[in-house]
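**Q** Okay, here's what each chain looks like letter by letter:
Protein chains: 2
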Amino acid sequence: MSSNLAFLNLFKTRKKIPMLSKPAQTSEALHPLIQNRWSPRAFSSKPVGDTQLRRIFESARWAPSSSNEQPWRFIIGFLGDQTYIKIFSILVEFNQLWAGTAPVLMLGIAKKTSSKNPERQNKSAVYDLGQALAYLTFQAMADDLFVHQMGGFDAAKAAELFQLPADHEVITVSAIGYIGDPDILSPNFKKMELDQRYRQPIDEMVFTDTFGQPAPFLTSAG
Amino acid sequence: MSSNLAFLNLFKTRKKIPMLSKPAQTSEALHPLIQNRWSPRAFSSKPVGDTQLRRIFESARWAPSSSNEQPWRFIIGFLGDQTYIKIFSILVEFNQLWAGTAPVLMLGIAKKTSSKNPERQNKSAVYDLGQALAYLTFQAMADDLFVHQMGGFDAAKAAELFQLPADHEVITVSAIGYIGDPDILSPNFKKMELDQRYRQPIDEMVFTDTFGQPAPFLTSAG
Chain A
164 MSSNLAFLNL FKTRKKIPML SKPAQTSEAL HPLIQNRWSP RAFSSKPVGD
214 TQLRRIFESA RWAPSSSNEQ PWRFIIGFLG DQTYIKIFSI LVEFNQLWAG
264 TAPVLMLGIA KKTSSKNPER QNKSAVYDLG QALAYLTFQA MADDLFVHQM
314 GGFDAAKAAE LFQLPADHEV ITVSAIGYIG DPDILSPNFK KMELDQRYRQ
364 PIDEMVFTDT FGQPAPFLTS AG
Chain B
164 MSSNLAFLNL FKTRKKIPML SKPAQTSEAL HPLIQNRWSP RAFSSKPVGD
214 TQLRRIFESA RWAPSSSNEQ PWRFIIGFLG DQTYIKIFSI LVEFNQLWAG
264 TAPVLMLGIA KKTSSKNPER QNKSAVYDLG QALAYLTFQA MADDLFVHQM
314 GGFDAAKAAE LFQLPADHEV ITVSAIGYIG DPDILSPNFK KMELDQRYRQ
364 PIDEMVFTDT FGQPAPFLTS AG
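Heads up: the sequence lines are chains A and B, in that order. Residue numbering for the first sequence follows the working numbering, starting at 164 and increasing by one per position. Residue numbering for the second sequence follows the working numbering, starting at 164 and increasing by one per position.
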């Protein structure tokens with residue numbers, strides 16, 4: 164570990180605190196799993212246990228979905244196996260430059276037709292997959308695991324490599340694992356790893372009455 | 164409270180247990196906020212505090228999004244106010260039959276163009292809104308609040324009533340509040356309220372190698 168990281172929350176003694184901590188800057192304290200979540204690029208290659216894996220997929224499974232269609236599907240690869248190599252191969256170079264140390268790579272797939280009525284499109288499929296990934300991420304965090312989702316990949320190549328049915332689409336690719344040492348990253352990625360996280364002001368996203376009118380409770384003392 | 168609910172986990176003494184408990188049936192114990200989440204229809208009209216509201220929207224705010232576009236927007240109404248009445252008016256009758264006791268109704272809106280490059284569509288907007296709603300839900304659960312999302316509403320009427328910009332779309336409407344007494348529901352809804360929750364088997368959603376091939380860790384003892 165290089166000395167320029169000494170200002171960070173490294174080597175915390177409590178088990179649940181990740182090595183590199185980047186808590187959300189918020190007006191109110193959030194649940195620690197939300198406050199401490201972020202998307203690292205430096206992953207340790209330490210394997211993820213089967214129990215942890217079952218837990219994170221059970222969590223995705225119990226997410227809510229429109230008409231309980233459960234339109235989420237996952238394909239998972241482990242560092243060193245053929246599935247991992249195939250998933251890695253569909254990533255854009257920008258993501259290949261860091262994702263290859265993660266012990267798990269995963270495709271998040273939406274089933275875009277209704278299972279109850281196959282003639283019908285499920286308009287909520289992509290939205291519901293987003294929820295399922297978030298549930299998976301909370302449970303991962305509860306087991307000290309982090310998830311970094313990527314949008315930069317070749318969905319057509321993924322559909323071909325994994326023989327997806329025509330009504331299924333890869334929407335997201337995730338790296339999953341324990342936090343690693345930022346020093347394993349190239350200088351540009353290391354800088355991004357240590358940067359502050361940023362969000363737009365809350366009064367630009369929560370409105371009342373009409374669109375654009377900030378809700379009063381955002382600034383009240385109540 | 165009627166006597167036919169006596170078999171349920173009512174009147175738990177621990178503060179964090181909801182009145183009507185419907186835990187997910189899972190092979191592994193999940194984080195309690197995930198295990199115990201469900202979508203009630205019987206809401207108490209007890210108001211939600213400003214601090215709790217700030218927390219749940221801060222949680223949505225710190226969800227991840229593609230290129231950090233944060234394409235989520237929310238419009239919130241409180242039981243008795245004009246915004247609530249407008250949101251209620253866009254619901255299909257099926258939802259109007261139960262949603263009107265919730266202290267909070269909320270629109271979940273996706274901004275479908277990129278904020279960094281307004282000429283470009285943000286293909287992840289709806290997916291990312293799904294994640295933000297899950298973060299909001301998780302924090303709500305931490306404050307004993309429940310969220311019931313609805314897909315049955317008139318999005319065009321919502322866009323008109325709330326003067327949405329053309330690149331914004333209402334994707335979901337949520338009722339938010341504390342669990343209420345199932346006896347306030349009509350008989351059909353009460354039956355649904357007390358029904359077991361259901362999910363498809365996990366080996367039909369988590370694959371390895373090719374699509375449809377269940378991942379071995381799902382049944383391993385590891």
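Calculated directly from the structure, the hints in this document are not laboratory data. Be careful, since some hints might not be right.
No copy labels: a pair is met if it fits in one copy or bridges any two.
Straight-line alpha carbon distances no greater than 25 Å define the calculated BS3-like cross-link-like pairs of lysine-lysine that follow [claimed, not checked]:
(1) K286 / K354
(2) K286 / K209
(3) K185 / K354
(4) K185 / K209
(5) K279 / K353
(6) K286 / K275
(7) K353 / K286
(8) K354 / K279
(9) K275 / K353
(10) K275 / K209
(11) K275 / K185
(12) K279 / K209
(13) K320 / K286
(14) K209 / K353
**Q** Decide, hint by hint, whether the structure agrees.
**A** Going down the list of hints, with the structure as the test:
For the identical chains of this complex, K286 and K354 are neighbours neither inside a copy (39 Å) nor across copies (27 Å), given an alpha-carbon limit of 25 Å. Within a single copy, K286 and K209 get their C-alpha atoms no closer than 38 Å, and across copies no closer than 33 Å, so neither meets the 25 Å cut-off. In this assembly of identical chains, K185 and K354 lie within 25 Å of each other by CA distance solely inside one copy; the values are 13 Å within and 45 Å between copies. Taking CA atoms no more than 25 Å apart as the test, K185 paired with K209 passes inside one copy only; the shortest distance there is 21 Å, against 35 Å between copies.
When the C-alpha separation of K279 and K353 is checked against a cutoff of 25 Å, the pair qualifies only between copies, where the shortest distance is 24 Å, while the shortest distance within a copy is 47 Å. Proximity of K286 to K275 under the C-alpha cut-off of 25 Å is found in both arrangements, the shortest distances being 7 Å within a copy and 15 Å between copies. Proximity of K353 to K286 under the C-alpha cut-off of 25 Å is found in neither arrangement, the shortest distances being 39 Å within a copy and 28 Å between copies. Taking CA atoms no more than 25 Å apart as the test, K354 paired with K279 passes between copies only; the shortest distance there is 21 Å, against 48 Å inside one copy.
For a Cα distance limit of 25 Å, the shortest separation of K275 from K353 qualifies neither inside one copy, at 37 Å, nor across copies, at 31 Å. In this assembly of identical chains, K275 and K209 lie within 25 Å of each other by CA distance neither inside one copy nor across copies; the values are 35 Å within and 38 Å between. Neither within a single protomer nor between protomers do K275 and K185 lie at most 25 Å apart by alpha-carbon distance, with minima of 36 Å and 28 Å respectively. Taking the shortest Cα distances, K279 and K209 never come within 25 Å of each other, neither inside one copy (41 Å) nor across copies (37 Å).
Taking the closest pair of Cα atoms, K320 and K286 come within 25 Å of each other both inside a single copy (24 Å) and across two copies (18 Å). With identical chains, the CA atoms of K209 and K353 are at most 25 Å apart within one copy only, with a shortest distance of 20 Å there and 48 Å across copies.
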